[in-house]
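Q: Listed below are the residues making up each chain.
Number of protein chains: 6
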Amino acid sequence: MPSKKVEEFNSERNRLNDLVLKYSDKEIKRFFSLDQQVYRDDALPAGTKEMLGLVASLVLRCDDCIKYHLEKCHENKITTAEIEEVFSVGLIVGGSITIPHIRRAFEFWEELLK
Amino acid sequence: MPSKKVEEFNSERNRLNDLVLKYSDKEIKRFFSLDQQVYRDDALPAGTKEMLGLVASLVLRCDDCIKYHLEKCHENKITTAEIEEVFSVGLIVGGSITIPHIRRAFEFWEELLK
Amino acid sequence: MPSKKVEEFNSERNRLNDLVLKYSDKEIKRFFSLDQQVYRDDALPAGTKEMLGLVASLVLRCDDCIKYHLEKCHENKITTAEIEEVFSVGLIVGGSITIPHIRRAFEFWEELLK
Amino acid sequence: MPSKKVEEFNSERNRLNDLVLKYSDKEIKRFFSLDQQVYRDDALPAGTKEMLGLVASLVLRCDDCIKYHLEKCHENKITTAEIEEVFSVGLIVGGSITIPHIRRAFEFWEELLK
Amino acid sequence: MPSKKVEEFNSERNRLNDLVLKYSDKEIKRFFSLDQQVYRDDALPAGTKEMLGLVASLVLRCDDCIKYHLEKCHENKITTAEIEEVFSVGLIVGGSITIPHIRRAFEFWEELLK
Amino acid sequence: MPSKKVEEFNSERNRLNDLVLKYSDKEIKRFFSLDQQVYRDDALPAGTKEMLGLVASLVLRCDDCIKYHLEKCHENKITTAEIEEVFSVGLIVGGSITIPHIRRAFEFWEELLK
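Residue numbers (our numbering), protein chains in the order written: chain A, 5 to 118; chain B, 5 to 118; chain C, 5 to 118; chain D, 5 to 118; chain E, 5 to 118; chain F, 5 to 118.
Looking at chain A on its own, in the form it has when it is part of the complex (with noise of 0.2 Å):
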């Protein structure tokens, strides 16, 4: 069961994703769609590729898409100490700049192992 941290993120989350559909022409729902489909399992794993996107989230700094990829992740059995290594190579890339997120980042993971 979700702690109450993550359903608030889940929740907000979907509530302004309808907004977007709502004003949305073909194009964004088209986006939307792909982003869907990159993270299925293929010759790369899904927690594979939900490692991918974490990192990549991480390096460009946004908090959001860092959750959403921790949840995946989660989601896909992903353990701590899995987590901890793209951490570290998120870091190393990414440089110092990173850190807050990185310090959001575990605390968001825990909700997550509650």
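Among the clues, some could well be false.
Copies of one chain are not kept apart here, so a pair can be met inside one copy or by any two copies together.
[Stated by the list, open to error] No farther apart than 30 Å at their CA atoms in a straight line, the calculated lysine-lysine pairs in the DSS-like style are these:
{"hint": "1", "residue 1": "Lys118", "residue 2": "Lys30"}
{"hint": "2", "residue 1": "Lys76", "residue 2": "Lys9"}
{"hint": "3", "residue 1": "Lys81", "residue 2": "Lys9"}
{"hint": "4", "residue 1": "Lys30", "residue 2": "Lys81"}
{"hint": "5", "residue 1": "Lys26", "residue 2": "Lys118"}
{"hint": "6", "residue 1": "Lys118", "residue 2": "Lys76"}
{"hint": "7", "residue 1": "Lys76", "residue 2": "Lys8"}
Keep in mind that the hints were calculated from the coordinates and are not lab data.
With the hints as your guide, set chains B, C, D, E and F onto chain A.
A: Then chains B, C, D, E and F, alone, in the frame of chain A:
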């Protein structure tokens, strides 16, 4: 009449701008003045320039800048369909990392339409 | 008739695009297709959309993307005065770090005008 | 005696840093240690290095990093006039997209001066 | 046996790395050492970590870093189908601005396959 | 007497700057003028401001801007030991993605020392 959320955004922005001007020497003041000039009607109409500022703010992922240019777009009679197309260009150029900003942008746009 | 430099840029771009398509699966191909669609005439004319793509490419500082959108702006009859104003918005939003790209952009624009 | 806002920033930062260290393996810990070392007095005085960290944080647009370096600048007796000039360099290099961060930075600086 | 283009990339990289080490004090040297450590086999296999480094380099748009990680992926037996999926994640997260880098990346990958 | 590589960099830069000024209207010209002013001796000495410009250019990863500020640092008698420390701050803040730029920066610095 602006919605409460728009008013709050503007008054907080004005309060902090006053703080910047209180502490700033002539270079920052000149930058602020130049920042006003570039969006004026000239070879391109002001509305087009505000859309340029909007898409630049979206791909650089700055919520405050996005809100500011949305408000200016609204003053310049840019339509919802046009805003949606500005976002679709920004989304394709800048990728899914811009999506959380597009979500919050549509929410603010809806406030402006009230 | 395109100048030699413009022709070289286009043929190198086409050669490498063929390579991408050779190795790409359906997601990348769908992205490429969507990337074409967003710049089509709709609520905003194609020329305005190309200027949006140009300023986004400038503030994200990608020379190849800048050249591509300059060429599309030229095809859409955007004038030198309009291009200059797109750059002035990009420069103010993105800062002096964009200047080396603006230098190379004007050089390519001059080739397009030949 | 630090203001309440400064204290809150520091205690939240410490709380989350403890969380990072709880989950981190040796690479992240080594990065954190190295991150301390680079700002020490050496060929350049610590105050100058903190100003370098500040301008880097400004152009990369990270509020938490800006606040951290502002606090370190304050400990190293950097003056308001010097901070203003650090911001003017960051603003010209990074563009108007840094302005919302400069606004919040001056607000935090004013807290540090209390 | 590496192709001529791969050899040239490696020898130029080594020549400049020697120059960095000649001028660098201990902090930069420690960073370089840490940069090696984070990609070692641990909870995640080295190949997965190289794919993480690759996607991070792609969304941050650094051709030299992309080439380096492509070479390491190749050494770790990552397949062309897997590389293509790393790029599709990077493309969706980072947007069309990454396309020129994907073009050059496939060209270098083809050299590695020779 | 500047080395041949430094001379080539400067003459190419001047040639393209003339092109920018040929096509630019007053806003871009005012930006260029302001860009000169912010680095002048004031509360902070010009040499410190050039180091601020250098680290900002490094974390934003612009080779031309790095070279320009290295040359200005050299004119302002900044030492190799100081440059190395500027780079170590930039490297820790900006991460390994800055390394290719640090490599080319030391190569240019060595030209300036000739």
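Q: Now tell me, hint by hint, if it's right for this structure.
A: Hints, verified against the model:
no.: 1; hint: Lys118 / Lys30; result: between (39 Å within a copy, 25 Å between copies)
no.: 2; hint: Lys76 / Lys9; result: within (16 Å within a copy, 33 Å between copies)
no.: 3; hint: Lys81 / Lys9; result: within (20 Å within a copy, 39 Å between copies)
no.: 4; hint: Lys30 / Lys81; result: between (34 Å within a copy, 23 Å between copies)
no.: 5; hint: Lys26 / Lys118; result: between (34 Å within a copy, 16 Å between copies)
no.: 6; hint: Lys118 / Lys76; result: within (15 Å within a copy, 36 Å between copies)
no.: 7; hint: Lys76 / Lys8; result: within (17 Å within a copy, 36 Å between copies)
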